[in-house]
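Residue numbers (this note's numbering), protein chains in the order written: chain A, 206 to 528; chain B, 427 to 722; chain C, 1309 to 1548.
Because the hints were derived from the structure by calculation, they are not lab data.
Errors might be hidden in some of the hints.
[As the list claims (entries may be wrong)] Here are the simulated DMTMM-like pairs of lysine to aspartate or glutamate, each with C-alpha atoms no more than 20 Å apart in a straight line:
1) 697/B x 429/B
2) 1492/C x 1481/C
3) 512/B x 613/B
4) 590/B x 603/B
5) 718/B x 1439/C
6) 590/B x 1424/C
7) 590/B x 613/B
8) 1492/C x 1424/C
9) 590/B x 1419/C
10) 1492/C x 1462/C
11) 697/B x 324/A
12) 590/B x 1422/C
13) 718/B x 1444/C
14) 1492/C x 1422/C
15) 614/B x 603/B
16) 1383/C x 1462/C
17) 1435/C x 1409/C
18) 302/A x 516/B
19) 590/B x 1406/C
20) 590/B x 1462/C
21) 614/B x 1409/C
22) 697/B x 325/A
23) 1383/C x 611/B
24) 302/A x 386/A
25) 302/A x 397/A
26) 1383/C x 603/B
27) 590/B x 1439/C
28) 614/B x 1406/C
29) 1383/C x 613/B
30) 590/B x 1409/C
31) 1437/C x 1406/C
[As the list claims (entries may be wrong)] According to the in silico footprint, chain B covers these stretches of chain A (three or more CB under 8 Å from chain B):
32) 294-301
33) 304-310
34) 315-326
35) 490-504
These numbers come from a predicted model, not from an experiment.
Using N, Cα and C, we set each Cβ at its ideal position, and we do this for glycine too.
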Amino acid sequence: MDPVGLLFYLVAFLIAGGIYAILCLALNVQWGYGGLFNAGIAGFFAVGAYTSALLTAAPAQTHLGGYELPVPIGILASALTAGITGWAVAKICIRLKSDYLAMASIGIAEILRMVIVNEDWLTNGSLGITNVPRPFDGLLQGRDADILYLVVVWLIVGLVYLICNRLYDSPWGRTLRAVRDNEDAARAVGKDVDSFRLQTFVIGAAIMGVAGALSAHYFRFLSPEATEPLLITFLTWVMLMAGGSGNNKGAIIGALAVWGIWSMTEILTNRLPAEFATRSSYIRMLLIGLLLQFVLQRYRSGLIPERSPPGIAFDKDHDKTHG
Amino acid sequence: MMEFINFYLIPGLALGSIYALGAIGISMIFGILRFAHFAHGDVMTLGAYGTLTAVWLSGLHPLLALPVGIVLAVAAVLLADKIFYKPLRDLPTIYTVIASFGVALIFRSLIQLIWGSQNQVFIRGVQKPLVLFDMIRVSALHLEAIAIIVIAAVALHYFLTRTKTGRSMRAVSDNPELARVAGLDTEKVVRSTWIIGGSLAAIAGVLAGLDTNIQPNLGWNLILPMFAATILGGIGKPMGALLGGMVIGLIEELSAYPWITDEPLINPGYKSATAFLIMVILLIFRPQGLLKGRLL
Amino acid sequence: MSALLVIDGLTAGYGGLPIIDNINLIVAPSEIVLIIGPNGAGKSTAIKSVFALTSIISGSIRFGDREITGIATQKLVPMGIAAVPQSRNIFPSLTVRENLDIGTYAAPPHDRAEVEERVLTLFPDLKQKLDQPAGELSGGQRQMVTLGRALMSEPRLLLLDEPTAGLSPAYLERIFDLILDIRKAGVTILMVEQNARQALSIADRAYVLVNGRNFASDTGANLLASDEIRRSFLGGTRPS
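Model the full structure from these sequences, guided by the hints.
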């Protein structure tokens, strides 16, 4: 492979890696900070993607929107809509145990998919939305534009990282972790546990929406396939578990590491003879599934553990039923 | 009226049977192992594919080849429990839930590797409906599904109330600490849970495969209505899950009936959303479900 | 007369943290032995250790001539030890009869019907309620259910963790009378009690634990009569 080809493969790799890093940082806010289990990441991702795409694309008969708004507006709007969706989901489940939140969040992601596919007056259904612009469109062409986009993505990664770190170290963050570690004690000192959890979920959902928007703008095209739960929800979970839940550096490193493994296996299986190559994606799925189990059993705190180890984070007895 | 019975009521009961069979297992696992088993749908799929292979090899009718699918499904869950779930038993249950997502993916990818991802069918060609009393036209499959769930209901009730293992399961579900103190063999109870849950899931998978076709996402696509059925019935109440499954299946099919106008009440593309809607309503107003199951 | 239960130099607690330290305790057959002491003294931990519900750091526990330190709870019931935990001690959605039945699973009796008859004779209140879910019963009745469940395994040794906790005064008396009846039926009893004064009046011997250690041990009568014990642990006034 020639060096230029390799370079641009790397650019594509890092752009996707950056988007996944944002997803992991978002999930870290929900899970690492707040102990909330979100199994519907793909749903918030989709809401953000479609919001931004519809607002910024050129007008078209096939779908709603097409207001050609500037990309930054699209991205902000995506955070807003995804955040509101997160609010709705969390409001229903926040007082109930995590298993319920898992079901509800999967459900919402499924419903959103159904809406996207069925309501083609809104989204053009499976055919997708074309002409999704990039920021600084027209400034650069072709591969240079990709490098520019890479910079944009990682600037946003940096921004999100800084915001998340500030949240972690703030009084809000400390209270949140106290709630996560021992809910009863936090309630006893008068903290509004439900409200904190709700805020956590909303913030995470909003950031996931931004990731979705960035994905749409990168491909300049958006269809329901881009929000496939396997790639978005599942992979992000594996990344966060592997990298270090409760830890922002770990979130980014986990994203890049697992994305690296994923891409590596793609390269390897592409070199296999044809009849194995079709099975390659299944082999990859299998490996990632096994990787998750391995991480769960051996490296729950991930490559980079939280400063205060999450091992004693959960009050185990709280998890049992009472009364 | 006949149209209502033939095209909405009976299919609703049949669909409900499939949901019920899956939901019973999920409810038991919830009650005894205390986690949401997200891989349950894929256990159904395994049962379907195992039966399919037996059908290919033997030429038997799928319902007769079912034992093979059951053996495969049960072996798979017992193995998954031993390798993936058991090591996490002492941790907060959310980790086991995450593991079950992984197991779901592992099962699905193995299925795709072994059998491929194309659609398969149990029986080729269109099945002629049975005609009863000159009025009721039903597919034999739907009748079989309803018959199976009736038998399952009776057998399950007997098992839970009259047998030692069944009562032990209810005891562990009620109060696992006391069950331990009372000397009950909790590992045996866990094994029984997986065996029963896996078997019922395999049956549900074969029925679902007969109803539509067999493809790797067969069970995963049904996980949401089955969880809704479990919550509706009350977590840890298998009979409730059975009831919940029937209700959800009925509502789903009946929702497409033109109740008010000539159009289906709900766009058929959203049929499966009705289950989710019911679940959301339950979570807001009555999370303990119909039979007052455990609130997690 | 050889002891039925011997706890020797036991240090135990939870998660590696010791709550009791070097505890010694002996129970002879047909005795009622009591453990009392202030809150946090480790009374519950001591009794739970016999039943393998704590982590044992050092020391040993013998039942008859068998070393049972750390043996899994499930194996202890067939050996003849039954326990009644302090709280959440019934299966609420199971009927009273089913609750009692559970007691026979780990240690099946020779004549199940006969054992059930004996237990119901001890607890006649339950005869009317056999088909009711145990969760619907009052606190005192639930206590009877759980005691009955324990007795269905025909134990030689019965461990009771605060059997009168949360009960109305009426049931308090009855429970203590019942314990005497159970002893009459040939069961040895080791119990922890917060209602120390009343418990001492039925106990043969008692151990006083303070801060996880042995503090005193004597017959029930002597401890009741002792000024020091009364002042520190029994609320000061002379027993009537």
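Verification of the supplied hints:
no. : hint            : result
1   : 697/B x 429/B   : 19 Å, holds
2   : 1492/C x 1481/C : 17 Å, holds
3   : 512/B x 613/B   : 11 Å, holds
4   : 590/B x 603/B   : 18 Å, holds
5   : 718/B x 1439/C  : 19 Å, holds
6   : 590/B x 1424/C  : 16 Å, holds
7   : 590/B x 613/B   : 14 Å, holds
8   : 1492/C x 1424/C : 17 Å, holds
9   : 590/B x 1419/C  : 17 Å, holds
10  : 1492/C x 1462/C : 13 Å, holds
11  : 697/B x 324/A   : 14 Å, holds
12  : 590/B x 1422/C  : 19 Å, holds
13  : 718/B x 1444/C  : 14 Å, holds
14  : 1492/C x 1422/C : 17 Å, holds
15  : 614/B x 603/B   : 15 Å, holds
16  : 1383/C x 1462/C : 15 Å, holds
17  : 1435/C x 1409/C : 14 Å, holds
18  : 302/A x 516/B   : 17 Å, holds
19  : 590/B x 1406/C  : 10 Å, holds
20  : 590/B x 1462/C  : 18 Å, holds
21  : 614/B x 1409/C  : 18 Å, holds
22  : 697/B x 325/A   : 17 Å, holds
23  : 1383/C x 611/B  : 9 Å, holds
24  : 302/A x 386/A   : 14 Å, holds
25  : 302/A x 397/A   : 17 Å, holds
26  : 1383/C x 603/B  : 15 Å, holds
27  : 590/B x 1439/C  : 17 Å, holds
28  : 614/B x 1406/C  : 19 Å, holds
29  : 1383/C x 613/B  : 13 Å, holds
30  : 590/B x 1409/C  : 9 Å, holds
31  : 1437/C x 1406/C : 11 Å, holds
32  : 294-301         : holds (count 3)
33  : 304-310         : holds (count 5)
34  : 315-326         : holds (count 5)
35  : 490-504         : holds (count 9)
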